[in-house]
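Its first residue numbered 4, the sequence shown is counted upward by one per residue in my numbering.
Worth double-checking, as some hints may not be accurate.
Unchecked claim - Taking lysine-lysine pairs in the DSSO-like style, the calculated list, with each CA pair at most 30 Å apart, reads: (1) 211 with 189; (2) 285 with 299; (3) 271 with 294; (4) 179 with 156; (5) 270 with 256; (6) 294 with 189.
Claimed, not checked - Here are the in silico distance ranges between beta carbons for each label pair: (7) 284 with 322: 42 to 48 Å; (8) 35 with 240: 37 to 43 Å; (9) 127 with 40: 22 to 28 Å; (10) 153 with 266: 56 to 62 Å.
Quick caveat, the hints were computed from the structure, so don't treat them as lab data.
Every value quoted in this text rests on a predicted model; they were computed, and no experiment measured them.
Each residue gets a CB set at the ideal place from its N, CA and C atoms; glycine is no exception.
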Amino acid sequence: MRSANLLNDFAFKYVFGEDCKEANDALKSLLTVFLERKVHHVVVKNSEMVKDFSKMKNPRLDLLVEFDDRTMVDLEMQLRQTQDHLPIRFSYYLARLHGSQELEGKYYGELKETIVLVFFNVNLIDNNRMCNTFTLKNEDGLSFVKETEDRMKIRTVEMAKLDVNKPLEEMNEQEKMIYYFLNCHKGIEDSKIKVMIESDGVIQMLEKRVETISDDGWKKIIADFQKLHENEERMERQLELEEAHKAQEEAKKALQEANKLNQEADKKVEEAEKKSEEADKKVEEANKQVKQMVRKMYKDGFSIDQISEYCSLNVDEIQVLIKS
4 MRSANLLNDF AFKYVFGEDC KEANDALKSL LTVFLERKVH HVVVKNSEMV KDFSKMKNPR
64 LDLLVEFDDR TMVDLEMQLR QTQDHLPIRF SYYLARLHGS QELEGKYYGE LKETIVLVFF
124 NVNLIDNNRM CNTFTLKNED GLSFVKETED RMKIRTVEMA KLDVNKPLEE MNEQEKMIYY
184 FLNCHKGIED SKIKVMIESD GVIQMLEKRV ETISDDGWKK IIADFQKLHE NEERMERQLE
244 LEEAHKAQEE AKKALQEANK LNQEADKKVE EAEKKSEEAD KKVEEANKQV KQMVRKMYKD
304 GFSIDQISEY CSLNVDEIQV LIKS
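Turn these sequences into a full structure, and let the hints steer you where they fit.
Here is the structure:
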């Protein structure tokens, strides 16, 4: 079994993106099969990224392709075994690509079509189709613009949905190419790969590109790729730790703020209780003075009716004060 592995960002760029006729023909075949449109001419806009696969350090924007009609395609091989943020990431790629067009002095109608074509090896979309195309639509599936004017598309290829046990003669062109991607490392040891190499022109073309890399070259690509993703994972873990630390600090700050508010609330409650106590004392003192005055007036010979009129108390209240 050979070291070749097309499920690798670096290898994917090299096989399809190198500045040579063979790679360009392989790329046109790939785009024809998965975009389901005839591709006569393409230009790789970032071919400098694939001149030396040992120096590739950016797995994000895999291949930026422009057709002869200036349609732009961002071709991605997304191999990390995660569903985390993929739809958000692909939407960002599409927005970035569409917004990169120069429009100064032009009409919006002159904007060219942009497509993000992504290959990934997880089940993400809840249907049985391996290939799906997404455009701008509302909740009822109504397109925001006419189909002929829809210039932003995401085309997904879920390689994990391929039935690898399906007989070769029943596979369509997309399934065959994905099978080759998934099993390229087996070479002619795989019976289906062997038959495709012998009989399928597109797969023959891909096989020739794969064979341009020596076994040692493949090992280096895989090692560099692994190293890159290990660094990526370390960076992501560092970001996660920083986010966790930030959340912890924010929680600590929020707790301190809550404690401060609680202390202020306790202080206000304490002040309110103190004022209430003072008010109760004043009321008690006033009641005491009224009681003394009523008793003195009664003792000095004032009648209860006179005291009631003078003190604004009813007869019953005066009698209670006199007797208490």
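Hints and how they fare:
1. 211 with 189: holds, 15 Å
2. 285 with 299: Answer holds: residue 285 to residue 299 is near 21 Å, not above 30 Å.
3. 271 with 294: violated, 34 Å
4. 179 with 156: With Cα atoms ~24 Å apart, residue 179 and residue 156 stay inside 30 Å; holds.
5. 270 with 256: Holds, because 21 Å separates the two Cα atoms, which is no more than 30 Å.
6. 294 with 189: violated, 108 Å
7. 284 with 322: 42 to 48 Å: violated, 26 Å
8. 35 with 240: 37 to 43 Å: Given a distance of about 40 Å, which is inside 37 to 43 Å, the answer is holds.
9. 127 with 40: 22 to 28 Å: For residue 40 against residue 127, whose Cβ atoms are near 24 Å apart, the range 22 to 28 Å holds.
10. 153 with 266: 56 to 62 Å: Between residue 153 and residue 266, where Cβ atoms are some 59 Å apart, the hint holds.
Violated hints, in rising order: 3, 6 and 7; the structure is consistent with all others.
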